[in-house]
Every structure is written in structure tokens, then in C-alpha cells.
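There are 2 protein chains.
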Amino acid sequence: MKKATIHEIARSLNIDSSTVSRALNDSPLVKKATKDLILKKAREMGYKRNLLASNLRRNKSNTIGVIVPRISRHFFSSTIAGIEEAAYKDGFNVIICQSLEQLNREQRIVENLLQNRVDGILISVSMETLKGSHLEQCAVTDTPLVFFDRHIKDLPYSGQVLIDDFHGGFVATEHLILKGCKKIAHFTGPKNLEIYKNRLAGYRSAMEEHDLENNGNLILPSSLMESDGFKLVAKLLDTVGDVDGIFCANDLVAIGAMKGLKALGKTIPDDIAIVGFSNEPISEIIEPSLTTIDQNGESIGRLACEMLLRQITRTDKMIRNKTVVLTPKLIERESSNRR
Amino acid sequence: MKKATIHEIARSLNIDSSTVSRALNDSPLVKKATKDLILKKAREMGYKRNLLASNLRRNKSNTIGVIVPRISRHFFSSTIAGIEEAAYKDGFNVIICQSLEQLNREQRIVENLLQNRVDGILISVSMETLKGSHLEQCAVTDTPLVFFDRHIKDLPYSGQVLIDDFHGGFVATEHLILKGCKKIAHFTGPKNLEIYKNRLAGYRSAMEEHDLENNGNLILPSSLMESDGFKLVAKLLDTVGDVDGIFCANDLVAIGAMKGLKALGKTIPDDIAIVGFSNEPISEIIEPSLTTIDQNGESIGRLACEMLLRQITRTDKMIRNKTVVLTPKLIERESSNRR
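Residue numbers (the working numbering), protein chains in the order written: chain A, 1 to 339; chain B, 1 to 339.
These are calculated hints, taken from the structure and not from any lab test.
Careful: at least some of the hints might be erroneous.
All copies of an identical chain are treated as equivalent in the list; a pair is satisfied when it fits inside any one copy or across any two copies.
Stated by the list, open to error - DSBU-like, lysine-lysine: derived pairs with alpha carbons at most 35 Å apart: (1) Lys131 x Lys41; (2) Lys31 x Lys262; (3) Lys183 x Lys32; (4) Lys153 x Lys40.
Remember, predicted model here, so these are calculated numbers, not experimental data.
Taking the hints into account, I'd like the entire structure generated from these sequences.
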């Protein structure tokens with residue numbers, strides 16, 4: 001079955017093709033009654049406006065592309081919820097792509113989105129993304145680009161909505177100190193990503209402010225998986241006997257650490273207190289429930305999308321390098337509630 | 001900054017435009033050394049092949065569209081993982097869209113994907129999708145359509161990958177019966193969706209086979225939210241005093257029911273045993289851990305995507321209405337482990 005053309009619709013209604021074309025483009029030159037008649041017939045005949053051809057003319061798709069490492073992480077699905085809300089209100093469609101933490105996938109996705117002329121891109125970069133040469137194409141093609149959460153330094157961008165990760169790391173660590181912990185370890189994330197560098201810096205700063213040791217033995221790198229946390233506690237207790245607190249770069253690592261500690265016969269929080277980061281739903285359900293840092297993903301997504309839409313819809317020169325920083329908040333639960 | 005054209009690249013290299021064009025289309029008529037030179041220069045000059053124009057010519061985008069109710073549900077993010085794996089292997093890009101359980105969003109997404117000429121669509125329909133008139137456009141435009149999990153009856157489609165939900169409902173209910181439960185309730189999902197009708201039918205069949213009562217008082221409708229489960233247990237215990245087992249249409253409702261029962265002072269599983277459906281990660285973490293039905297989302301996604309890709313890449317007549325049904329499996333945990 002072939003798609004109907006404007007000419008076939010015109011012929012079947014015995015109307016001029018140009019009138020059909022005007023009606024389908026919602027021109028004010030066509031009377032409402034005629035327009036309704038044409039639209040009805042077009043629907044019946046399976047007419048589909050060639051958006052691809054018309055995008056090519058006006059260079060717009062009314063679609064924004066969102067790139068995240070993994071949709072299965074609660075933080076990213078919450079930011080996407082905020083993005084969808086803001087985009088829907090302004091009549092934009094949202095298409096979501098996952099880099100699965102791989103740079104080569106991220107490059108291919110950016111290429112694909114630009115070639116399909118999305119009106120703008122929202123991105124939180126992959127763990128492997130050290131530089132943004134693949135993102136420079138956004139500036140070249142005048143496509144607004146807004147980072148949220150995981151960003152890259154020294155790159156032209158339209159805007160970024162970030163979390164104050166230093167503050168989050170500081171607050172998480174100081175909370176453990178105020179609960180009486182003296183030897184606190186930190187399981188970090190990939191050190192090429194700004195956000196994990198900043199969480200680590202926040203940890204260090206809190207430890208120094210309270211004159212507590214924070215040498216290399218206490219700082220162990222993870223790749224953000226639950227299995228890392230499980231393995232790292234065994235390694236940590238082998239080298240440092242008297243650890244009484246661990247601040248983990250995300251909740252999955254914290255949950256792995258909790259499982260590992262239980263397997264080693266340790267009590268949480270009395271032997272070792274734990275704080276995570278990101279407030280995954282699971283952190284409220286696990287027993288003991290996990291103290292963590294909430295980032296309010298939905299607000300981040302909404303703000304980032306609104307920033308992008310302002311860039312897309314404005315006709316004057318793009319504002320560059322606008323940054324909004326949100327302050328994350330400590331959620332106290334049982335895993336740090338020491339007597 | 002304007003994008004470089006083929007002519008500008010040709011001029012800067014002092015080569016014929018047609019040679020540049022052939023090189024960029026990877027023609028065997030151009031020597032490897034020349035090709036490399038041209039590709040390098042094209043990259044330097046920010047050349048971007050106009051995929052939109054070339055899609056228009058060949059009517060292909062090398063992209064498949066995936067529509068799910070919510071990416072935040074573990075089952076859907078697992079099916080998407082399987083889809084990405086199969087698509088990536090064959091060089092296809094995946095774009096993901098959420099209907100957020102709303103028919104009007106789903107309609108707009110289908111429209112947008114078809115207008116952007118995706119090569120095929122994979123869909124699990126929204127809770128509000130009673131009929132598929134918006135999906136008929138796929139057949140009209142010769143765009144292969146494959147359903148997975150939530151499907152619609154009586155619609156032309158290329159294929160569907162389903163779960164044997166009747167079997168799942170039967171096995172879940174019979175498990176409670178074998179654990180000694182005599183009065184088993186069922187919290188259902190939206191009754192317009194085939195999958196929930198089938199889970200309910202499985203429940204009824206198991207109860208009848210064991211000569212157990214399964215009247216209307218024992219069957220309460222939910223809209224699949226945790227809050228539904230919480231409220232429904234209070235309502236259930238008000239009308240039916242001696243319930244000793246509940247089979248819930250999904251894990252979120254089951255978790256809500258568990259929280260509700262704890263709040264009412266009931267012990268799980270000894271007072272009331274619980275079985276869920278879908279094996280969300282949270283079901284293993286909650287205490288007591290939740291007995292549930294695993295659907296193997298990753299296999300469903302992979303099979304559905306492979307079915308779609310066979311339709312996209314074959315040139316002969318499309319095979320219609322192919323159905324694959326997978327058998328879900330009971331995961332026994334503490335919430336049903338009665339003495």
C-alpha cells in the first residue's frame with residue numbers, strides 16, 4: 001500500500017492541489033469547512049506529511065535528544081521525568097538514548113541525533129568521556145547543548161545544570177564524623193568525571209577540617225557497581241583494621257558494601273556506619289535503611305530542559321556557558337544512626 | 001560557522017567533487033590513500049553528511065524506535081537492554097520514548113517516529129491504549145511493528161513477543177495453595193490490558209482446580225502503584241477477615257501490600273503470604289524478601305528486536321502476526337515461606 005500524495009487527495013476531492021497543500025499546512029487562506037474536509041480525506045487516505053522533507057527545509061524537528069549513561073539508574077530516570085514534563089508543556093518531543101557508559105556509543109548517538117536535526121541535546125556524559133571532541137559538532141551545527149550532572153570542562157556549551165558535589169561529599173562525611181566515626185573511608189567513582197572528583201574533595205575537606213586522617217589507604221576507587229562495594233570492604237578491612245565509617249560515591253556501591261560487611265559478620269551502623277549518594281528507591285527499603293544524599297533529579301531535568309528550550313526558541317545570539325548549581329541534601333536513615 | 005560542502009572540500013584538496021562524493025560514500029572506485037586524505041580533510045572542515053537528505057532518498061534512518069510506558073520500571077529497562085544489544089550488533093541506533101501510560105502521548109510519539117522515518121517500531125502499550133488505530137499507520141507506511149509484553153488484539157502487526165501470563169498467574173497462585181493458603185486474594189492490574197486479564201485467569205484457574213473460593217470479594221483492581229497495594233489490604237481485611245494469601249499483579253503493588261500489612265500488625269508470611277510479579281530488584285532487598293515471577297525482560301527485548309530487524313532487512317513480503325511466547329518462572333523467597 002502506497003502513501004497518498006497531495007495530488008491524489010486533490011483529485012479525489014476535485015479541489016486544486018495548492019489548496020490541499022495550504023490546508024495541510026494550516027494556512028489561514030483556506031476556509032475552516034474546506035480545511036476540515038481535506039484533513040478528513042487525508043486521514044482516510046493514509047496521508048502522512050513528509051516531515052523529513054519539511055524538516056530539511058526549515059531545519060527543525062521539534063524534537064530534543066537526551067543522552068544518559070543508563071536509564072535504569074533512578075537518578076537518570078528522575079531527570080528524564082523532569083525533562084519530559086518541561087518539553088511536553090512546550091510541545092516538544094523527547095527521544096532518549098543510552099551511552100551505556102561507552103564513549104564510542106556516545107559518539108555514534110551524538111552523530112545520529114545531529115544528522116537527524118534534533119533541535120537541541122541534553123547530555124550527562126559516559127564514564128569513558130574524557131574529552132568532548134564529539135560534542136564540538138553541536139557548536140559547529142548551531143545545535144544548543146546543555147549538560148546536566150556529569151559534564152566536561154573546557155568545552156563550548158549552551159548551559160549546564162549541576163549538583164554541588166563538593167558540598168554533598170562534605171556533608172556526607174561530616175555527618176559520619178558527627179555520629180562519632182573517627183576512621184572514615186571513601187569508595188570513589190571514576191576519577192576522570194568531575195562529579196566524583198568533587199565528592200572526593202568534599203570528603204577530604206571535611207576530614208581535614210576535623211583533623212582526621214585521610215590517606216591513600218582509606219580512598220579506594222570503584223566503577224560504581226554493587227559488586228565493587230562488596231569486594232572493596234574485604235580489601236579495606238585487610239589493610240585498615242579499625243575503620244568505623246564509609247562514605248560511598250553512589251548508593252549501589254554502598255549497598256554492595258553493606259552486603260559485604262554483613263557477610264563478614266560486621267554490624268551496621270555500630271561496627272561500621274555507611275553513607276551513600278543519590279537516594280535510589282532501594283536505599284529506603286534495604287535493612288538497615290541507607291543514609292544518603294538526595295540530588296532531586298526531577299528539578300535538575302526540568303531546569304536543564306527549560307534552559308535548552310530557551311536556547312532553541314530564542315532567535316538572537318546564543319548565551320554561552322550559563323551554569324546553575326543545585327545544593328543536594330542529606331537524608332538521614334538507619335545505616336549511620338550510631339548510639 | 002557554516003558546515004563545509006563537498007565542493008569546498010574538493011576545492012581545498014584540488015580534487016574533483018565527484019571523487020570527494022564517492023569517497024564519502026565509501027565507493028570502491030576511489031583508492032584507499034585518496035579516501036583517507038578526503039575523510040581527514042572532511043573531518044577537519046566539519047563536514048557532516050546530510051543524512052536527512054539521504055534518508056529522504058533511500059527512505060531509511062538506520063534507527064529503530066522503542067515505546068514503553070515507563071523507563072523507570074525494571075522490567076522495561078531490562079527489555080531495553082536486550083533491544084540495545086541486538087540493535088547495536090546490526091549497526092542500528094535505538095531511540096527510546098515513554099508514553100507515561102497516556103494514550104495521547106503514545107499517539108504523538110508514534111506520529112513523530114513515523115514522520116522521522118524510523119525503520120521499525122517496538123512497543124509495549126500504555127494502560128489507556130484500548131484500541132490501536134494510531135498504530136495502523138505503521139501498516140499504511142510499511143513500517144514493521146513488533147509488540148512486546150503489553151500488546152493489542154486484532155491489529156495488523158509484524159510480530160509479538162509475549163509472556164505466558166496465564167501460566168505466571170497459575171503458578172503464583174498454586175504456589176500459595178501448596179504453601180497451605182486457603183483464602184487467596186488477587187490484586188489485579190488494569191483490566192483492558194491482555195496481560196493482566198491473563199494473570200487473573202491464571203489465578204482463577206488455579207483456585208478452581210483446587211476447589212477454592214474465588215469470588216468478587218477476593219479480586220480487587222489496582223492501577224499498579226505501590227500506594228494501591230497499601231490501601232487495598234485495609235479494604236480487603238475489612239470485607240474478608242480470614243485471607244491468608246495475596247497474589248499481586250506486580251511487585252510494586254505487592255510491596256505496598258507488605259507495607260500495609262506491617263502497618264496493620266500482620267506477620268508476613270505466617271498471617272498472610274504474598275507473591276508478586278516481575279522480579280524488580282527491590283523484591284530481593286525488601287524484608288521479608290518477595291516471592292515473585294521472573295519474566296526475563298532481557299530475552300524478551302532481544303527476541304523482539306531480532307524479529308523486527310529481520311522484518312526491516314528482508315526485502316520480500318513481510319511475514320504477519322508471528323507470535324513468540326516465553327514461559328515465566330517462579331522465584332521462591334521469604335514472603336511465601338510459611339511453616
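Comparing the hints with the structure gives:
In this assembly of identical chains, the alpha carbons of Lys131 and Lys41 lie at most 35 Å apart only when taken from different copies (21 Å versus 52 Å within one copy). In this homomeric assembly, Lys31 and Lys262 never come within 35 Å of each other (Cα to Cα): the closest approach is 74 Å inside a single copy and 64 Å across copies. Taking identical chains as interchangeable, the C-alpha atoms of Lys183 and Lys32 are never at most 35 Å apart, the minima being 75 Å within one chain and 61 Å between chains. For a Cα distance limit of 35 Å, the shortest separation of Lys153 from Lys40 across copies, 26 Å, qualifies, whereas the shortest one inside one copy, 52 Å, does not.
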